[in-house]
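Each residue of the sequence shown is one higher than the one before, starting from 1 at the first, in full-length UniProt numbering.
In short, the hints are calculated from the structure, not lab data. These figures come from a predicted structure and were not determined experimentally. Hints may be right or wrong, so weigh each one.
What the hints assert, rightly or not - Pairs of lysine-lysine residues, derived as BS3-like cross-links and limited to a Cα-Cα distance of at most 27 Å, are as follows:
| no. | residue 1 | residue 2 |
| --- | --- | --- |
| 1 | K100 | K170 |
| 2 | K46 | K103 |
| 3 | K181 | K170 |
| 4 | K32 | K100 |
| 5 | K170 | K40 |
| 6 | K32 | K4 |
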Amino acid sequence: MLSKGDYVHVLDEDEEGIVVDIVNDIVTIETKDGFVLMYKSNELLKVSNHADQEFKSASTVGSIHNALQDKVEPKKRSFVKEKKSRKDEFILEVDLHIEKLTKDYARMEKYDMLTLQLDTARGQLEFAIANRIPRIVFIHGVGEGILKAELEYLFSRYVEVVAEDANYQKYGLGATQVYIKQNVR
1 MLSKGDYVHV LDEDEEGIVV DIVNDIVTIE TKDGFVLMYK SNELLKVSNH ADQEFKSAST
61 VGSIHNALQD KVEPKKRSFV KEKKSRKDEF ILEVDLHIEK LTKDYARMEK YDMLTLQLDT
121 ARGQLEFAIA NRIPRIVFIH GVGEGILKAE LEYLFSRYVE VVAEDANYQK YGLGATQVYI
181 KQNVR
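Please model the entire structure based on the sequences and the hints provided.
Structural data, given as structure tokens:
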């Protein structure tokens, strides 16, 4: 479908460029700005060859101009590095699917499964509070909503806990994210 020299747009991103290499399903493109990026072939959309010719000439002229400017005026780069705590970066993920918690779930009653899931959630929440972990994601799945309702009730009993739906793009509908406020008295 794609071949070297094709002009493509990247789906779900504001990028476009020329195909410079194809290895299996990975396509390497060069953007208008001269960056070389790699995408899977199903993430790209081939467009007409007319834009391809305009892109090549603009890229060459622009590249020469930029190279001459870099030689004349060396630019000083300054950047501010944002300090982040390691605890802010870490998110504890707890998978509450019953098959992840025990091997003997086939012989368990539904009440026992729910109790095991809630005990695990309570234990992980207590652990996070004791170790000052600011965020936890509980992956509970969609199902009938019983576990999610029980988790919401559990979280409401803690003053320092705020619960909300987790990031949909990363976890889907079946996850709840918990923020733990520090120093609440």
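Results of checking the hints against the structure:
no. : hint        : in the structure
1   : K100 - K170 : 19 Å, holds
2   : K46 - K103  : 49 Å, violated
3   : K181 - K170 : 23 Å, holds
4   : K32 - K100  : 47 Å, violated
5   : K170 - K40  : 20 Å, holds
6   : K32 - K4    : 16 Å, holds
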